[in-house]
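Knowing the structure of chain A, use the given hints to seat chain B on it.
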Amino acid sequence: MNMGWTLAARQGARLLGQSALVAGAVGVLSFAMTRALPGDAAYRIAAGRYGYDMVDTAAADAVRSELGLDRSAAEQLLAWLGDLAQLRLGQSMVSGDPVLEEIAHQLGHTLQLSVVAWLAAMVLGLLLGTWAALRGTHWSTRWIDPACTVLRASPAFLLGVVLMLGLGVHLDWLPVAGHGEPVHLVLPGLALALTLLPGMTQVVRTRLQQVLRSDAFEFAQTKGLPLPAALWRHAAAPLALGTLAYAGMQLVLLVEGVVVIESLVAWPGIGHALVHAVISRDVPMIQGTALAMGLLFVLLNGVMDAAVQWLDPRLREPAGRSAA
Amino acid sequence: MTLAPPPSALRRALLLSAAVSVSTAMAQTGPTTNARVLKVAAPWEIGSLDPSKTGYIFTRLEVTETLVDVDASGQLAPGLAVRWAVSPDQKTWRFALRPGAVFHDGSPVTPEAVVRSLQRALAQPGILKNTPVQRIAAVNGEVQIELKQAFTALPAFLAHNSTQVLAPASFAADNSVQAVVGSGPYKVVRVNAPQKLETAAFEGWTGKRPAVQRVEYLATGRGETRGMLAESGQADLVFTHDAVAIERLKRNPRLQFHTLPIPRTLYLKVNAAHPLLKDIKVRQAISLAIDRPGIAQAILREPKAAATQLFSPGMAEWHVPGLQPLVRDPGRARQLLQEAGWVAGADGLLRKDGRPFKLTLRTFSDRPEQPPMATAIQAQLREVGLDVAVAIMNASDIPAGHQDGSLELALVARNYALVPDPIGSLLQDFSPQGGDWGAMGWQSAQVTSALESLSTTNDPARRSRLRGALSTVLQAELPLIPVAWYQHTATHSKRVGNVSIDPLERSYRISQITWGL
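So the sequences go chain by chain: A and B.
With full-length UniProt numbering, the residue at position 9 of the first sequence is 9, and numbering never jumps.
With full-length UniProt numbering, the residue at position 496 of the second sequence is 496, and numbering never jumps.
Just chain A, same shape as in the assembly (with noise of 0.2 Å):
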């Protein structure tokens, strides 16, 4: 027990510090990638701000004197990282509201859609490749490579117009754009997982394939388990191992389609608020963003692993008592 919780305290330490290792990196590389943007920033957030129509010197400069972009370099990434160190985002340079207050509302869109096509992808993938290993070369099978190739060939954009066109413009069983409701995130939700679905197929597919051809499997139904019991005892645990990884790298797959999955369907997330944040270089909005993805991301690798160790017994064995 108590060694479970020192593993557990040290996990946590672990974390905190890749987490600030990110905060500190994201914010530093965000700040340089935008200062070495062509352009003036004054000129792009008075545009961002007022509207291109409206956009002249006397607004940029507007601007300019506001926000102090007259400063230096140096002077203002101190002054972001010392705002981030009492955990304050500062405020975004268009809209003039708290980065935080705008970064939680569009990160909660962001994860209801993400967690609803990455689950619907796992789910999908897992029965489809269960299926395909089961059936094994059987006819019914063959369509399964070529339709993952497609999909995988095909970007998000296509994936989302398509869907859009097929069940929003031709059947009307959905919206094509929108938010608020639930019946909203179905469209999206499903292009984003036709996205993930491919990989998690072919990786369940190949792992249940090696699980059903181990010795450990054979000799279960030698000694006459029945399949289902068979696939439960001796295949979930080593099939949700190597899946559980992979499913864990999809998630970089998942935000690279959110970016244009959101901005397609109007979907207020913070994809759609980076790419808007960027054309209109609003550096604390893309500091902002770029650490909400960024900690995210250590904080789902770190559930991953977490998951890893509950789920695999080598890794959960003491270490005194494995080097004993």
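If you are wondering where the hints come from, they were derived from the structure by calculation, not from laboratory data.
Some hints could be false.
[Stated by the list, open to error] Cβ-Cβ distance ranges computed for the label pairs, FRET-style: (1) V327(B) / W143(A): 57 to 63 Å; (2) S107(B) / L16(A): 48 to 54 Å; (3) K304(B) / F157(A): 51 to 57 Å.
[As the list claims (entries may be wrong)] Listing some non-contacts, in silico: residues in chain A with all C-beta distances to chain B over 10 Å: (4) G12; (5) A85; (6) I144; (7) R152; (8) L231; (9) A237; (10) A306.
For every residue, glycine included, the Cβ atom is placed at its ideal position computed from N, Cα and C.
Same frame as chain A, now just chain B:
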């Protein structure tokens, strides 16, 4: 092949109930219901509640009012002010407010509340800063505006959305806007920035009760999405369509398609001080090389959009019918360039003193037709031997490039209806120093004096002469080379009636819409 066993009664009941619940859920939350909520889609996001930023959304949705309004014919009309008058020296304006006008929180619209909103607008970057306003005050129950010098266009400036009037309750202690409490026929129910805004008819509105009681606005940045929202009938009123979708939308029997010219012109902003563009013959040659009808047809899908002068026929007062139209004549263009000393090299490109004619044309993609239009112009200029590179940048790189002198050519879409009187835009564009979106390295004493006189005289005949003179100079010297008159597009579903599209984009006129089917 084995047959599936017949479903048991229980299984059948479960399947049936699942099917029923799914279809009921779809019917309850699906897009085809909510019959009495008018759904509006447009590209513009709600970036902020501040009138100086995205205030136009609140005026378009008739949540807020300005002192001065504009009627269907584009003429100034009473808004929150029922009448206005100017002192004989043209320097003091007085605006009388509509009796009984109330804000959405029930508080009366007082001159003090109006003054607070206008003073705030004056302090922000924006249109009011370009007027000679000296003092705004509440005097004898009216709003009084004192000017440093005569300025006849003042009421038109008070129709701009940045001068919208908000209730005192809208402002936080630091004078930032915490809520939009206006006085229009609709009040804000919910803002889910940056994309969604819901409004409902305001019970305290003293005008005609609108047929549409609830409105849902969705900012949809992508043109593809807006097209699909219109086609599926999931939005009743959709603004700004991609040119490629226009033919399909026109054919849709469930939709009414609108296209109308708006006071916005797509033109080449020319750095007339640039060594290659200083010569008027070169600017004329560039104009003669451009195939405007081709661009209008192929890119804007609207042959009427080809510009023959700076101001479109929709700007009745400013369009000069007798003006020699801008046409395409590549032969004449080559001749003019030759007269200017440019000689074709072996590759067909022009050179002078061994140096090639090479320029960069900047444009931006906020309006999706601009980049393809820029590349069409690039190809047409190449036909007469001019080597022009296209750079797609951020819109703000145009004024920035004007300011640091690095801009050579730019394709922009200039809005002459920022205030209902184009003088607002022209005073900026043709000031003696040039304008961030207008002339660059070019000035004309005649244009400067015409604009000065226009902003101080009320005599209609004189104003008309001045406008004619101004257009003639611009057409001859081409500090800006007009390419196309912008076409505004919108669709509405046939389940709504009495829809009209405002060419000035000031209002969606929702309070006039009726329910059809």
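Cross-check of the supplied hints:
As the Cβ distance of V327(B) to W143(A) is approximately 59 Å, the hint placing it in 57 to 63 Å holds. Our hint of 48 to 54 Å for S107(B) and L16(A) holds, since their Cβ atoms are close to 51 Å apart. K304(B) and F157(A) have their C-beta atoms about 33 Å apart, which leaves the hinted 51 to 57 Å range violated. Chain B leaves G12(A) outside its interface by the beta-carbon criterion, the shortest separation being 36 Å against a cut-off of 10 Å.
No beta-carbon of chain B is positioned within 10 Å of the beta-carbon of A85(A); the least distance is around 25 Å. I144(A), annotated as away from the interface, keeps every beta carbon of chain B farther than 10 Å; the closest lies near 21 Å. The Cβ of R152(A) lies farther than 10 Å from every Cβ of chain B, with a closest approach of about 23 Å, so its non-interface assignment holds. The claim that L231(A) lies off the interface holds: its Cβ sits roughly 22 Å from the closest Cβ of chain B, which is beyond the 10 Å cut-off.
Every CB of chain B lies more than 10 Å from the CB of A237(A), the least distance being 32 Å, so the non-interface label holds. With 10 Å as the threshold on Cβ separation, the claim that A306(A) sits away from chain B holds: the shortest Cβ distance comes to roughly 35 Å.
Checked against the numbered hints given earlier, this structure breaks only hint 3.
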